[in-house]
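Full structure from sequences and hints, please.
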Amino acid sequence: MTTRLGRGQRTTPVLFVAPFFILFLATLVAPIGYSLWMSLFREQATSGLGFGGTETVFVGADNYLRALGDASFHRGFLHIALYCLIYIPVMVGGALALALLVDSAMAKAKRFFQLAYFLPHAVPGLIAAIIWGFLYTPGLSPVIDLLRTLGVEWDFLGPDGVVLSMANAAAWQWIGYNMVIFYAALQAVPKETLEAARIDGAGELRTALAVKLPMIRSSVVLTMLFTAVGAIQLFNEPEVLRSRSSAISQDWSPVMYIYQAAFTEHDYGLAAAASLLLALLGAALSFVITKFGNRWKEA
Amino acid sequence: MAATAPPHTPAPAPLPEGRGPSGPSRRSRAAGPGRSSKAVVNTLLAVVTVYTLMPLSWLLVNATKDNGDLFASPGFEPADFNLLTNLTGLFTYQDGIFARWLANSLLYSVAGALASTFISLLAGYAFHTYDWWGKEKLYGLVLLGILVPHTVISLPMYLMASEVGLVNSYWSVLIPGLVNPFGVYLARVFAESYVPGETLEAARIDGASELRTFRSVALPMLSPAFVTVFLFSFTGSWNNFFLPLVMLNDSTLYPVGLGLFNWNATLPQEPQFYSFVITGSLVSIVPLAIAFVALQRYWRSGLTAGAVK
Chain A
8 MTTRLGRGQR TTPVLFVAPF FILFLATLVA PIGYSLWMSL FREQATSGLG FGGTETVFVG
68 ADNYLRALGD ASFHRGFLHI ALYCLIYIPV MVGGALALAL LVDSAMAKAK RFFQLAYFLP
128 HAVPGLIAAI IWGFLYTPGL SPVIDLLRTL GVEWDFLGPD GVVLSMANAA AWQWIGYNMV
188 IFYAALQAVP KETLEAARID GAGELRTALA VKLPMIRSSV VLTMLFTAVG AIQLFNEPEV
248 LRSRSSAISQ DWSPVMYIYQ AAFTEHDYGL AAAASLLLAL LGAALSFVIT KFGNRWKEA
Chain B
787 MAATAPPHTP APAPLPEGRG PSGPSRRSRA AGPGRSSKAV VNTLLAVVTV YTLMPLSWLL
847 VNATKDNGDL FASPGFEPAD FNLLTNLTGL FTYQDGIFAR WLANSLLYSV AGALASTFIS
907 LLAGYAFHTY DWWGKEKLYG LVLLGILVPH TVISLPMYLM ASEVGLVNSY WSVLIPGLVN
967 PFGVYLARVF AESYVPGETL EAARIDGASE LRTFRSVALP MLSPAFVTVF LFSFTGSWNN
1027 FFLPLVMLND STLYPVGLGL FNWNATLPQE PQFYSFVITG SLVSIVPLAI AFVALQRYWR
1087 SGLTAGAVK
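Residue numbers (the numbering used here), protein chains in the order written: chain A, 8 to 306; chain B, 787 to 1095.
For the record, the hints were derived by calculation from the structure and aren't laboratory data. Quick caveat: nothing in here was measured; it's all calculated off a predicted structure. It is possible that part of the hints are untrue.
Far from chain A, some chain B residues (derived; all Cβ distances over 12 Å) [unchecked claim]:
1. L831
2. A858
3. L873
4. Q880
5. D881
6. L893
7. S955
8. P1006
9. T1038
10. L1039
Here are the computed lysine-lysine pairs in the BS3-like style, where the Cα-Cα straight-line distance is at most 27 Å [what the hints assert, rightly or not]:
11. A:K304 / A:K198
12. A:K298 / B:K921
13. A:K117 / A:K198
14. B:K923 / A:K304
15. A:K115 / A:K198
16. B:K921 / A:K198
Just so it is clear, CB atoms sit at the ideal spot from N, CA and C, and this is done for glycine as well.
The structure is reproduced here in structure tokens:
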């Protein structure tokens, strides 16, 4: 419902949304604009020897070209590509499978399972990474001990295992959260539809895949969207595990690269350009997921 | 997945009474999943439960061990009970800096989330109640704001804050936390279902001003929305690590996560911090875990609003 207001009252909606939009401008729109501006400049020493002050020089696209030409920035994108390839299917697929299993008539103790899966989300991402860091540390970890008794030697913090270890820490934290979202969406599937499928002779598995799954696809697409945007900003897990693993460099992920460029090198122009390139990737991913999502919805 | 409904499903067994979300309507059907596939499903779900609860129970057990026992005793076996010693050590180290961090976290999260929730509700309510030029375009901008990568805007925000002299202050973490586009979205969705137009119309006919109508009529109706939006804002700022990392230098301003992160990073050189980090992690989780379990209902309604729409 909407209200048409009298003359004197036209200012009311403006007053109501003003606090939000003033802050929105100050902490969201302005920083993006400032990034764009910053990305075009570079601080340079006034004398070639590094004595004296620095001056800010307009360099056009140079910061973007430097970022795009930097091998460690490339490696960062390779790392998150590998991470996304593992993390997104495991997390979204796992959450979906759990939601469908709990929703099926075969699951007992539905409330208990939901709570048990959701509880890790009460742990902040940083603390989750710290805890898993302990569980990856030889001598401290019962997981490593257990694997050893099974005859498996696995180095969670070695170059081969470290991406998997990060994906696991993140999936542990988010799988229950998304499972609850999917489960909530499943509750909205009309009983008549399920009844009809049953009468047509569909078993639990067929009903889940052919009836329930298509009906919650907008939730699935939305979750993919948020997961992908979050995953490309990977920072907490590698930053926490870095103190224990020689396989993680200081600029291992793009956000770590940006952090290092800004706060270690004080090369703000490069950091801003790299930030915007990462944001661009986020926008492109959002576009692709929404596009595919819509096609799936129409199918 | 294939294991959930094996092809050899045995002769139809009657479904137990009233199981399943649709209850009675499903009961009418005689054919149901067999006992064996049922066992498979529940075993699978139980295995995942072990996975999700294992790290938490490890934390619980190991917060009771001293530094020596952490490495000397098997992970899940309790050794000498040193929880109280650990807690005392944790809270007295450096004149109780850990308590300071907890208090800071509470300030950032509670004060920040209260203000942010109020701002979001006000905006969401206005989006629902009034019509103005360009409204839906503005709303589209809010939705776009949900997707902006936060790590990307933290750097320019740091530089802007340092220009106005706010870097390394409580404000530098509090102010960005006030903006919660998802909260505005939730508030609008909730307002659509909780605040009927007739009630507002009646208040207006009685001569109430728009602000008064919001405060005395709409806000009480929106109290479940308040709790839900507050919960999302609260966990958002409790979990925020990147912004404080960028903004704060002074360790007395740290939220608890940042403090623990710094201790954790020094562990390879200073192993005496192990019991502090483990016990501290446990302490920092407990309040949130209690809030989660107690306020489950509100969580669910927020997630549902996000999922179904």
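Compare the distance between the alpha carbons of K115 (chain A) and K198 (chain A) with 27 Å, and conclude whether the hinted pair is satisfied.
Measuring from Cα to Cα gives roughly 19 Å; hence the hint holds.
Regarding the pair K298 (chain A) and K921 (chain B), is the alpha-carbon distance no greater than 27 Å?
Distance ~25 Å between K298 (chain A) and K921 (chain B) Cα, so the pair holds.
So L893 (chain B) supposedly isn't at the interface. Is its beta-carbon more than 12 Å from every beta-carbon in chain A?
For L893 (chain B), whose nearest Cβ neighbour in chain A is about 16 Å away, the distance exceeds 12 Å, so it holds.
S955 (chain B) non-interfacial with respect to chain A [C-beta, more than 12 Å]:
At roughly 15 Å from the nearest Cβ of chain A, S955 (chain B) sits farther out than 12 Å, so the non-interface label holds.
So is L1039 (chain B) really clear of chain A, every C-beta pair being over 12 Å apart?
holds, 17 Å
A cut-off of 12 Å on Cβ-Cβ distance, and D881 (chain B) was said to be off the interface with chain A. Does that hold?
holds, 24 Å
Given pair status - K198 (chain A), K921 (chain B), alpha carbons within 27 Å
violated, 37 Å
Beyond 12 Å from every chain A Cβ: check whether that's true for L831 (chain B).
violated, 5 Å
If you draw a straight line from the CA of K304 (chain A) to the CA of K198 (chain A), is it 27 Å or shorter?
holds, 21 Å
Non-interface claim for P1006 (chain B): all C-beta distances to chain A beyond 12 Å?
holds, 17 Å
Please settle this one: Q880 (chain B) was flagged as non-interface, so is its CB more than 12 Å from every CB on chain A?
Per Cβ check, Q880 (chain B) is outside 12 Å of chain A; nearest 19 Å; holds.
According to the definition I'm using, a residue is off the interface if its beta carbon is farther than 12 Å from all beta carbons of the partner; does A858 (chain B) meet that for chain A?
violated, 9 Å
Hints 1, 2 and 16, counting from the list given before, are not met by this structure.
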